[in-house]
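Asker: Using the sequences plus the hints, can you model the full thing?
Residue numbers (numbering that gives the first Met the number 0), protein chains in the order written: chain P, 0 to 364; chain C, 0 to 364.
Hint data in this document are derived by calculation from the structure and do not stem from the laboratory. Just to be clear, a hint being listed does not mean it is correct.
Identical chains share a label here; the pair holds if one copy fits it or two copies do between them.
To be verified - Once the Cα atoms are required to be at most 25 Å apart in a straight line, the calculated SDA-like pairs of lysine to any residue come out as:
| id | residue 1 | residue 2 |
| --- | --- | --- |
| 1 | 73 | 215 |
| 2 | 191 | 79 |
| 3 | 4 | 96 |
| 4 | 82 | 190 |
| 5 | 197 | 72 |
| 6 | 261 | 281 |
| 7 | 31 | 60 |
| 8 | 31 | 141 |
| 9 | 282 | 270 |
| 10 | 261 | 225 |
| 11 | 282 | 226 |
| 12 | 31 | 52 |
| 13 | 261 | 271 |
| 14 | 282 | 250 |
| 15 | 282 | 271 |
| 16 | 82 | 60 |
| 17 | 322 | 55 |
| 18 | 120 | 72 |
| 19 | 4 | 324 |
Protein chains: 2
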Amino acid sequence: MGTTKTVISIDAMGGDRGPATVVAGIAKSAAKNPDIRFIVHGPRAELSPLISKRKLDAQCELRDASDVVSMDAKPSHVMRHGKKTSMWSAVESVRAGEADVCVSCGNTGALMAISMIRLRKMEGVNRPAIACLWPSRNETGFNIMLDVGADIRADQDDLLQYALMGMSYARNGFGLDRPRVGLLNVGTEEHKGRAELKVANDIISSAADANAFDYVGFVEGVDIPSDRVDVIVTDGFTGNVALKTAEGTASLISEFLREAFKYTPLSRIAALLALTSLRRLSKRIDPRRVNGGVFLGLNGTVVKSHGSADATGVSAAIKLGFKLAQTGFAEKLAARVASNVTPGQGAASPDHDDPTGDHSTTEIS
Amino acid sequence: MGTTKTVISIDAMGGDRGPATVVAGIAKSAAKNPDIRFIVHGPRAELSPLISKRKLDAQCELRDASDVVSMDAKPSHVMRHGKKTSMWSAVESVRAGEADVCVSCGNTGALMAISMIRLRKMEGVNRPAIACLWPSRNETGFNIMLDVGADIRADQDDLLQYALMGMSYARNGFGLDRPRVGLLNVGTEEHKGRAELKVANDIISSAADANAFDYVGFVEGVDIPSDRVDVIVTDGFTGNVALKTAEGTASLISEFLREAFKYTPLSRIAALLALTSLRRLSKRIDPRRVNGGVFLGLNGTVVKSHGSADATGVSAAIKLGFKLAQTGFAEKLAARVASNVTPGQGAASPDHDDPTGDHSTTEIS
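Answerer: Below, the structure written as structure tokens:
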């Protein structure tokens, strides 16, 4: 990876809209950013004409993989029988060091399972996490929440690691110098919530100064899209329910809004006049703009694009992967976690400023 | 309670908008429904002129209580020192059998604590629950979710009780003959989620036929406002986070919508024309319309009105309490729970049709 080009490994299969949409997303990114090279994984006979049609042969290397992981495949089955799938092949490129980042629109559980067995957990990480982006009142336009579904459990030490991984992601992926971290609970008072949350509250608070982030304490569900926090830490069960509840709420409101505007002939005219405003709204809460769940805590960066992503969404996921590769996020995160495994060593701030660059011994770089 | 009048005990204090708003809510309900009598609790000097001004002296009995439970009061403190509060007094009227239902806009934790020690848990119930109403695509306009914060824990047996209590509430409060019950999880496949959820999935499924409800299995966050389920069962931690996440999402979208319409002079004109449509939307997702969390599993019915409820919201909570009192919900629920404590006895359907009416031995009736 010593060249100036960043290499993105793309699983072209498994998205709801098929490989043509994924290749269209690649084309969008390639047009905007000449510094990316792609390794594209999937059935050669199907992908080759799509790539040629988009005139992407110079930027894309095709890697033949005959099988596809279906959306309802069980992770355990894919782990045993998935070696010939495009997803496996795409993750393998990161493991082998020939790509910086893997991007897939496929089955989340299977992608996490393959990533776990091929990339393996980062030294010092007990449970990897999936971080999602959440439309918010913040200047960046979104907040980060993790874990949203890598694991259904998290104890106090896992929650501390999520805090460190999340704030490192916020810093490297989105340039936040001193991210504000909050811990999701059912109230903001210190006596609220489960026992492990009270312990996590203490240890995350203690880790804040040494790791150069601000800890805002407990936050509630209403605070997830607020501007008082950048990173929301929670277990994967709660995070997944919260994420899907927000999706369900947003889609209910959109549906009710459409119905409200269809109610009378006059309201239909109003809808026409309001079209620009409504488009402005939907742009701000558009999941495509903020597409990309990132797997944190593995030896390598994997970006999970939404299954229903269109070309714009795929391109957004590629852009996110590119940004993380450019900042050397995987290496910085590994150093950050390592420095917190030995207590007292925390004053080092490896992902903040790394003039020596000597973290290149990790498997990925 | 042998008279034709239903008696509602009202905690007039503790709401964000003060007692004048609560009394205005009483006035709304009194005007619509001549069959309700009220016992109103709070400082006499403050309440007496409010009640006289609204000409409610005939319908309202005033019960002097000098203290008020503040919104940030700790439940444990209120349990020890809260005997002179309007909240305590309001719950006490239900315990003493002089009122059918208690309605309060005050501090939820304190209200649950007082209700627990004064009304006590229903025989056979391990953890009482708070059930909330959720705007949905269903014909009734909302779904029921529980627990949304009575307890941060729930094991498989608690979840079964929540299913029984929730479906009984749906049947008596909203006339659903055969409610559809779902169990909240991170996926709909049977292998997903925590161990206790898999067990709960089995035992709720087994209880469905005997208790005349339909069990739809696991549901996800996106399904909470859907029309495939009427009652969503979850633990109080997850339920509380989901509820507050939905509130936060709805408020974010409303805010973005307002901003979108303010963007240009033309969009401001569009907003004026769209006003009726937008009002139609906000009516459908208006929390005031569906105001009222109900405490389930106690010997007596307590309705928690939203702290920021206006007169319309207070009146909606009173209406809900009235409906539950009319159907004899508390007695039917007690019989339902009792019939499920002894396995094999489940074929009886006490809250569905109760021609004998001999459940009147419970403390409340």
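Asker: For each hint, tell me whether it holds in the structure or not.
Answerer: Hint-by-hint comparison with the structure:
1. 73 - 215: Result: close only across copies, 22 Å inter versus 38 Å intra.
2. 191 - 79: So residue 191 and residue 79 pass the 25 Å test across copies only (19 Å; inside, 43 Å).
3. 4 - 96: within (14 Å within a copy, 78 Å between copies)
4. 82 - 190: between (49 Å within a copy, 23 Å between copies)
5. 197 - 72: Close across copies (20 Å), not inside one copy (37 Å); limit 25 Å.
6. 261 - 281: both (18 Å within a copy, 15 Å between copies)
7. 31 - 60: within (19 Å within a copy, 73 Å between copies)
8. 31 - 141: This pair counts as within: shortest intra-copy Cα distance 23 Å, inter-copy 46 Å.
9. 282 - 270: both (17 Å within a copy, 18 Å between copies)
10. 261 - 225: between (32 Å within a copy, 21 Å between copies)
11. 282 - 226: Only inside one copy: residue 282 and residue 226 sit 19 Å apart there, 27 Å across copies, limit 25 Å.
12. 31 - 52: within (18 Å within a copy, 70 Å between copies)
13. 261 - 271: both (11 Å within a copy, 16 Å between copies)
14. 282 - 250: Result: close both inside a copy and across copies, 14 Å intra and 17 Å inter.
15. 282 - 271: both (17 Å within a copy, 22 Å between copies)
16. 82 - 60: within (19 Å within a copy, 76 Å between copies)
17. 322 - 55: Within. Shortest intra-copy distance 21 Å satisfies the 25 Å Cα cut-off; inter-copy 67 Å does not.
18. 120 - 72: Only inside one copy: residue 120 and residue 72 sit 23 Å apart there, 45 Å across copies, limit 25 Å.
19. 4 - 324: within (10 Å within a copy, 71 Å between copies)
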